[in-house]
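Asker: Here the protein sequences come in this chain order: A and B. Note that this note's numbering gives residue 192 to position 192 of the first sequence, counting from 1, and the numbers run on in steps of one. Note that this note's numbering gives residue 289 to position 289 of the second sequence, counting from 1, and the numbers run on in steps of one.
Careful: at least some of the hints might be erroneous.
Note that the list lumps identical chains together, so a pair holds whenever it fits in one copy or between two copies.
Here are the computed lysine-lysine pairs in the DSS-like style, where the Cα-Cα straight-line distance is at most 25 Å [claimed, not checked]:
1. Lys-164 with Lys-3
2. Lys-133 with Lys-256
3. Lys-197 with Lys-133
4. Lys-45 with Lys-3
5. Lys-270 with Lys-133
6. Lys-252 with Lys-133
7. Lys-272 with Lys-252
8. Lys-270 with Lys-3
9. Lys-272 with Lys-45
10. Lys-45 with Lys-78
11. Lys-45 with Lys-28
12. Lys-251 with Lys-133
13. Lys-252 with Lys-270
14. Lys-169 with Lys-197
15. Lys-133 with Lys-169
16. Lys-28 with Lys-256
17. Lys-3 with Lys-28
18. Lys-272 with Lys-164
19. Lys-270 with Lys-2
Hint data in this document are derived by calculation from the structure and do not stem from the laboratory.
2 protein chains.
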Amino acid sequence: MKKIILDAMGGDHAPGATVAGALAALEKSDAIEVVLVGQPEMIEKELGGSTHARLTIRPASEVITMEDSPTMAVRRKKDSSMVVAMNMLRDGQGDAMVSAGSTGALLTAGILIDRCLPGVHRPALTPIIPTLKGPVALIDCGANVDCKPIHLQQFAVMGTAYMKANGCKNPRVGLINIGTEEEKGNELARTVYGLLKEMPLNFIGNVEAREIPAGQADVLVCDAFVGNVTLKLIEGMASSMMTMMKEEFSKKFRFKLAAAVLKPAFRAFKGKMSYSEHGGAPLLGLNHLVIKTHGSAGADAVCSTILQAARLADADVPGIIRSGIAEGGAAFTRE
Amino acid sequence: MKKIILDAMGGDHAPGATVAGALAALEKSDAIEVVLVGQPEMIEKELGGSTHARLTIRPASEVITMEDSPTMAVRRKKDSSMVVAMNMLRDGQGDAMVSAGSTGALLTAGILIDRCLPGVHRPALTPIIPTLKGPVALIDCGANVDCKPIHLQQFAVMGTAYMKANGCKNPRVGLINIGTEEEKGNELARTVYGLLKEMPLNFIGNVEAREIPAGQADVLVCDAFVGNVTLKLIEGMASSMMTMMKEEFSKKFRFKLAAAVLKPAFRAFKGKMSYSEHGGAPLLGLNHLVIKTHGSAGADAVCSTILQAARLADADVPGIIRSGIAEGGAAFTRE
């Protein structure tokens, strides 16, 4: 049995989507419990009288919004759903925490309350991107926009641990760079290449952005600036390419007919390209498991993130990272 | 009449593609002359006896290859087609230079031989990317992977000049960043935002990567690391998404039939997404006009790049940049 602590007030559609998502997850799995953290009266209203033996409510009076400054909010809103949930996680009152709230606030709460694993310099937000060869971990897409080489080294270790937990036997680690040769790239990339090739990881070298959608590597290492550009460009390209295609299809009547026949194929394609199909993004490197799901997550996405959290808790991702960092430690340079 | 100096030996398919491209361009426009720079016997062989009143050959015995170190090659291969062509350009023996050769060597030759315009710190390679709202200049995609704020400021000026030459009246300048708010991003992006908003440009603020394919801005400013990731990810997404779709289409017989009907629409879409349709990428900030076309450019791409070079020479892009840099100069911080 895994207990998932859910920030019931986080996200654009909370607490409707979070409560419905929790109920759906409890329906789908007998091996989870869910704690809804938030304003009891709002949660009760969404529950509409339904109860569940494995569902409890933990009251929290405040809510951290997208407009709040992350650091201020975490420090001041002590009774917010996110802060209360993170305190519970730290204190062992659950196996994982899920939130659709502000990424910045969640990172801050993770660092200040749950804290980093021994030896980890900075936690990293690690979404999965869809590629031709399946899911690939992109690390970091969080807050580490100005990185030192050791941060990317640790991302490589944490990403490897995460993909192992996802069932990938010997994750291929690639460094996002602007050329395949060792000497290519900016100062950070060139230094990190030299460090990664000496580490006990399955480092396959640089991966050019052109090759990212082909799925050359299982773990793609980069700073959070490059990670965010990569993640969001993939999202933007998928949607704008569909728009451009639709424009072409509208030009002839027979195109329109053919496009109508292909609708289920386009839907399947869109599903493969969609984030929510791949659940949430874990915040790797903390003492416990924290998973961020999209701010616009609906009940389905919340449900799949809860189930994912239970799977990753089963796999003990923080434990794998802890030993990965300790093992790799010898190879880490001092800052 | 504009005289285009063509590095006849540069590119994967040279001199076949360069010679054929030159002949095609001369066919299409009466207002250009072309000088083929390279090994006369190889060029003559490709010409196969055909001559043209506006076509001349300038002998150059050596070739810079993709394997050459750019700096060494430019310094040592004094009689290479690229170095000879760049010398001719500097000496006013033509209005623009076109090359499909090594980007690194072309940048080096540009900096060492043609040199930067007064006040310009670094030249920038500026490809056009396809978006929903038409062509957008992405600056820099060249060699400036570790940038100071003033470099990006100058890219904004040069990109504006270039898009003006392309017929865009008041180019919207956007800074590629990981959030729309002023305080978002890494140290470089935050500093550059503050500088750009004070400049006499049509600065529209940060552009998130998700919005790039939508064509929010006419000029997208970034360092060359981010530029290369952006450019190549767009290319990679376009090709991998087509592959993913084809997989879906192959799953049912009626999908295959419908996809066959849509073939012309897919072809039109692919054309819109293709680089070569948009010609080459100018190396902005040099004293004269240098245009790089894809290493894999065929005769069609070489032809359209020659015609583009003539248009940009007509518009006097280096002249517009020279005055743009001078005007904006007051706002530039010292390094």
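Asker: At most 25 Å between CA atoms: does that hold for Lys-133 and Lys-169 within a copy, between copies, both, or neither?
Answerer: For Lys-133 and Lys-169, the Cα distance is within 25 Å only inside one copy (15 Å; across copies 44 Å).
Asker: Regarding Lys-252 and Lys-133, is the shortest C-alpha distance of 25 Å or less found within a copy, between copies, in both, or in neither?
Answerer: between (34 Å within a copy, 21 Å between copies)
Asker: At most 25 Å between alpha carbons: which applies to Lys-169 and Lys-197, within, between, both or neither?
Answerer: For Lys-169 and Lys-197, only the intra-copy Cα distance (19 Å) is at most 25 Å; the inter-copy one is 49 Å.
Asker: Can you give me the call for Lys-45 and Lys-28, within, between, both or neither, at a CA distance of at most 25 Å?
Answerer: Only inside one copy: Lys-45 and Lys-28 sit 22 Å apart there, 72 Å across copies, limit 25 Å.
Asker: Have a look at Lys-270 and Lys-2 and pick one of within, between, both or neither, based on CA distance no larger than 25 Å.
Answerer: neither (32 Å within a copy, 48 Å between copies)
Asker: As a check of your reading, is Lys-272 near Lys-164 (CA-CA no more than 25 Å) within one copy, between copies, both or neither?
Answerer: Within. Shortest intra-copy distance 21 Å satisfies the 25 Å Cα cut-off; inter-copy 40 Å does not.
Asker: At 25 Å max between alpha carbons, let me know whether Lys-251 reaches Lys-133 within a copy, between copies, both or neither.
Answerer: Close across copies (18 Å), not inside one copy (33 Å); limit 25 Å.
Asker: One pair to classify: Lys-45 and Lys-3, alpha carbons no more than 25 Å apart. Within, between, both, or neither?
Answerer: within (23 Å within a copy, 76 Å between copies)
Asker: Treating 25 Å as the Cα threshold, decide for Lys-270 and Lys-3: within, between, both or neither.
Answerer: For Lys-270 and Lys-3, neither the intra-copy (32 Å) nor the inter-copy (49 Å) Cα distance is at most 25 Å.
Asker: With 25 Å as the alpha-carbon cut-off, assign the pair Lys-164 and Lys-3 to within, between, both or neither.
Answerer: Answer is within: at 22 Å inside a copy they meet the 25 Å cutoff, but 60 Å across does not.
Asker: Should Lys-252 paired with Lys-270 be assigned to within, between, both, or neither, using CA atoms and 25 Å as the limit?
Answerer: For Lys-252 and Lys-270, both the intra-copy (23 Å) and inter-copy (17 Å) Cα distances are at most 25 Å.
Asker: Classify it for me, Lys-133 with Lys-256: is the Cα-Cα distance of at most 25 Å met within a copy, between copies, both or neither?
Answerer: between (31 Å within a copy, 22 Å between copies)
The structure fails hints 8, 9, 16 and 19 (numbered hints given earlier, in ascending order).
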